[in-house]
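Enquirer: Protein sequences appear in the order of chains A and B. 164 is the number that UniProt numbering gives to position 164 of the first sequence; each next residue is one higher, with no gaps. 109 is the number that UniProt numbering gives to position 109 of the second sequence; each next residue is one higher, with no gaps.
Treat the hints as calculated values from the structure; they're not laboratory data. Yeah, the Cβ is synthetic: ideal placement off N, Cα and C, and Gly gets one too. Hints are supplied without guarantee of correctness; some may be wrong.
[Said to hold, decoys possible] Simulated restraints, written as ranges between beta carbons of each label pair:
#1 A:T135 <-> B:E155: 54 to 64 Å
#2 A:A27 <-> B:P28: 35 to 45 Å
#3 A:T82 <-> B:G39: 39 to 49 Å
#4 A:A27 <-> B:E155: 38 to 48 Å
#5 B:R112 <-> A:P83: 51 to 61 Å
#6 A:V84 <-> B:G39: 33 to 43 Å
#7 B:D25 <-> A:T82: 32 to 42 Å
#8 B:H129 <-> A:R156: 55 to 65 Å
#9 B:G39 <-> A:Q23: 43 to 53 Å
#10 B:E116 <-> A:A27: 39 to 49 Å
#11 A:A133 <-> B:P28: 15 to 25 Å
#12 A:P83 <-> B:D8: 46 to 56 Å
#13 B:P28 <-> A:R73: 49 to 59 Å
#14 A:Q23 <-> B:R110: 52 to 62 Å
Okay, here's what each chain looks like letter by letter:
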Amino acid sequence: MSIRHGMLALLSVGPRYGYQLKQEFEASTGATWPLNIGQVYTTLSRMERDGLVEPGGADDQGRSVYTITEAGREDLERWFSTPVGQSDRPRDELVIKLAMAVAAQDTDVAHVILTQRTATMRALQELTRAKRAHTGGLAQRLVLDSTIFKAEAEQRWLDHCEAVLKEKKA
Amino acid sequence: MTVVSLQDVARVHEGVHALKGVNLDVSPGELVAVMGPSGSGKSTLLNLAGGLDRPTSGRVVIEGHDLAEVRDLAALRRRSVGYVFQDLNLIPALTAAENVMLPRELDGVRARQAREEALAVLAEVALDHIADRFPQELSGGQRQRVAIARALVGERRLLLADEPTGALDTATGDEILQLLRGRCDAGAAVLLVTHEPRYAGWADKVVFLRDGEIADSTEVPLESAR
Ligand SMILES: Nc1ncnc2c1ncn2[C@@H]1O[C@H](COP(=O)(O)OP(=O)(O)OP(=O)(O)O)[C@@H](O)[C@H]1O
Ligand SMILES: [Mg+2]
């Protein structure tokens, strides 16, 4: 994804200036994706060039305020109606590490799994504490839930690896 | 003082070494999750911790009482321990409220007071409106919560839960954990068996059982434990 769709989503609510977009973006995504203000302004000027937003007036401190255009709304609509592909995700270091541990043959793979599982469980405990203490908005909460589900999936996959390895050995 | 302490505990079931040399303490306010594959000894551990079963060797101490020396084990269990069993064990001929009242009535509490307590704890699990329904008139999730209410009634200091989230959806499962966590934060000790990492994440400590032994555990520094 590009930051541009995030900006468009926020602008679909109403006109915003750059710093406001940065803050709202980070609040919604639970700061999993921090933006610098330069990125925000570069993105806004590209979107202006492409006709997706237009600068309106300025607020009382002289910052220009952006408004979404009709073309911008269409672009956003298209983004929301397109599913994210499985291959659009970055490589997972753990998966590669475990594959290499198996390939390296004289590595104690079970130990690699055990070490990872304990570490992932600690992370999951940490995330759950954050969730229990969470007081922010709904978007942020769902982002937090997503990290919990991902950690859980990793844990399940590790259990699966252990079971398969045990089976192969027996 | 620990609420329950397992000291070098082993259990052999007809030649099967279900548990071997397990050491585990659960303190007041502590939630410990036990994870492990099927057959690794989780239920065995829970039954020993609650005095439902006796170890082949080693000691189990509940609130300072060595179970090997306790005469009236049933009374100690009723007073101190609340259980949520893997297969719920609700009595079909009793309503939700009557199921929850039962352990208190066995404690010698009068029916009227037992009912008041049952209704209060059913309200805690958001089920006061179905108090007079029978188990077969409840959804799976509601039955699960009734079983939990039964374990919570009467200020038990030790709660043992064997897969209490069963087949619940994740949001309802989270509510159950919220509830157990709340009791924990009020001072109870909770031992939770689960194969779902997301629920184990609520624990202060997670132990991994493999073939009857503790293979590893997440040690959390005390100050950040809760
Ligand atoms: N009453 C019994 N008699 C004989 N063997 C038993 C008895 N109870 C348990 N076992 C055996 O002890 C081992 C541990 O069983 P336990 O029920 O503790 O496993 P578990 O980890 O709870 O598994 P699950 O996840 O399937 O509930 C298993 O090999 C089981 O067959
Ligand atoms: Mg079991």
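Enquirer: Decide, hint by hint, whether the structure agrees.
Expert: The hints, checked one at a time:
{"no.": "1", "hint": "A:T135 <-> B:E155: 54 to 64 Å", "in the structure": "violated, 30 Å"}
{"no.": "2", "hint": "A:A27 <-> B:P28: 35 to 45 Å", "in the structure": "holds, 38 Å"}
{"no.": "3", "hint": "A:T82 <-> B:G39: 39 to 49 Å", "in the structure": "holds, 45 Å"}
{"no.": "4", "hint": "A:A27 <-> B:E155: 38 to 48 Å", "in the structure": "holds, 41 Å"}
{"no.": "5", "hint": "B:R112 <-> A:P83: 51 to 61 Å", "in the structure": "holds, 58 Å"}
{"no.": "6", "hint": "A:V84 <-> B:G39: 33 to 43 Å", "in the structure": "holds, 39 Å"}
{"no.": "7", "hint": "B:D25 <-> A:T82: 32 to 42 Å", "in the structure": "violated, 53 Å"}
{"no.": "8", "hint": "B:H129 <-> A:R156: 55 to 65 Å", "in the structure": "violated, 36 Å"}
{"no.": "9", "hint": "B:G39 <-> A:Q23: 43 to 53 Å", "in the structure": "holds, 52 Å"}
{"no.": "10", "hint": "B:E116 <-> A:A27: 39 to 49 Å", "in the structure": "holds, 45 Å"}
{"no.": "11", "hint": "A:A133 <-> B:P28: 15 to 25 Å", "in the structure": "holds, 21 Å"}
{"no.": "12", "hint": "A:P83 <-> B:D8: 46 to 56 Å", "in the structure": "holds, 54 Å"}
{"no.": "13", "hint": "B:P28 <-> A:R73: 49 to 59 Å", "in the structure": "holds, 57 Å"}
{"no.": "14", "hint": "A:Q23 <-> B:R110: 52 to 62 Å", "in the structure": "holds, 59 Å"}
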